[in-house]
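Novice: Sequence:
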Amino acid sequence: MINRQPKISVLFEVKAYKISKIVDFLVDTGARYSAITEKEATIMGIDSSLLPYSKREAVGFGGLFRNKLINKRVTLTFKSNKDEYKIPCSSFTIVCIPPNTTSEDREKMLRYTPNVLGMDILSKFKTCVDKNQVELTL
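Using the numbering used here, read the sequence shown as starting at 59 and increasing by one per residue.
Take the hints with a grain of salt, since some may be wrong.
Derived BS3-like pairs (lysine-lysine); straight-line CA-CA distance at most 25 Å [as the list claims (entries may be wrong)]: (1) K184 / K144; (2) K97 / K79; (3) K144 / K182; (4) K130 / K113; (5) K76 / K97; (6) K137 / K76; (7) K144 / K76.
What follows is a set of in silico ranges between Cβ atoms, one per label pair, in the way DEER data are often shown [as the list claims (entries may be wrong)]: (8) E142 / G103: 16 to 26 Å; (9) C186 / P110: 33 to 43 Å; (10) N158 / D105: 13 to 23 Å.
No lab work stands behind these hints, which were simulated from the structure alone. The beta carbon of each residue, even a glycine, is placed where N, CA and C say it ideally should be.
With the hints as constraints, model all of the structure from the sequences given.
Specialist: What follows is the structure, encoded as structure tokens:
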């Protein structure tokens, strides 16, 4: 739980890009797939403008998002007090802000759009979310 939101910190690795970074993900049982934001990708040094578009689009508070795709192997590592669990992903989605967005709205979207851990990953765990904690169990 981070700032009373159901978030979890995960090690996000893309060996092909030599990237290894702890990323905070919002646990979103309503999302079909997981994604990082354009802002997070930029912080990692990934230029999303060079990546292909994903076939998946997303509808959010800012309208229709055209997603980009990291088409390299991504590994998500979940750690607990005793164990760690690695989930390999053949690719990973980046949520990109719609290009016709005003600069003011773009800034707000970059600030408030979270990285999302969706059911493609959460389905591998027993998930328990209550008002005080998020618990993922293998």
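Novice: Next step is simple, just say for each hint if it's right about the structure.
Specialist: These are the hints, each one checked on the structure:
Taken as a hint, the K184 and K144 pair is honoured in the structure, with Cα atoms around 15 Å apart against an allowance of 25 Å. Restraint check for K97 and K79: the C-alpha separation of about 14 Å stays at or below 25 Å, so the hint holds. Between K144 and K182 the alpha-carbon distance is near 11 Å, which keeps this suggested pair within the 25 Å criterion. With a C-alpha separation of about 16 Å, the suggested pairing of K130 with K113 holds against the 25 Å cut-off.
Distance hint between K76 and K97 is fulfilled; the C-alpha atoms sit about 18 Å from each other, no more than 25 Å. As the CA atoms of K137 and K76 are separated by approximately 20 Å, the hinted pair is consistent with the 25 Å bound. Straight-line distance between C-alpha atoms of K144 and K76 comes to about 17 Å, which keeps the hinted pair within the 25 Å bound. Distance hint for E142 and G103: a CB-CB separation of about 24 Å, consistent with the stated range 16 to 26 Å.
C186 and P110 have their C-beta atoms about 36 Å apart, which keeps the hinted 33 to 43 Å range intact. N158 and D105 have their C-beta atoms about 21 Å apart, which keeps the hinted 13 to 23 Å range intact.
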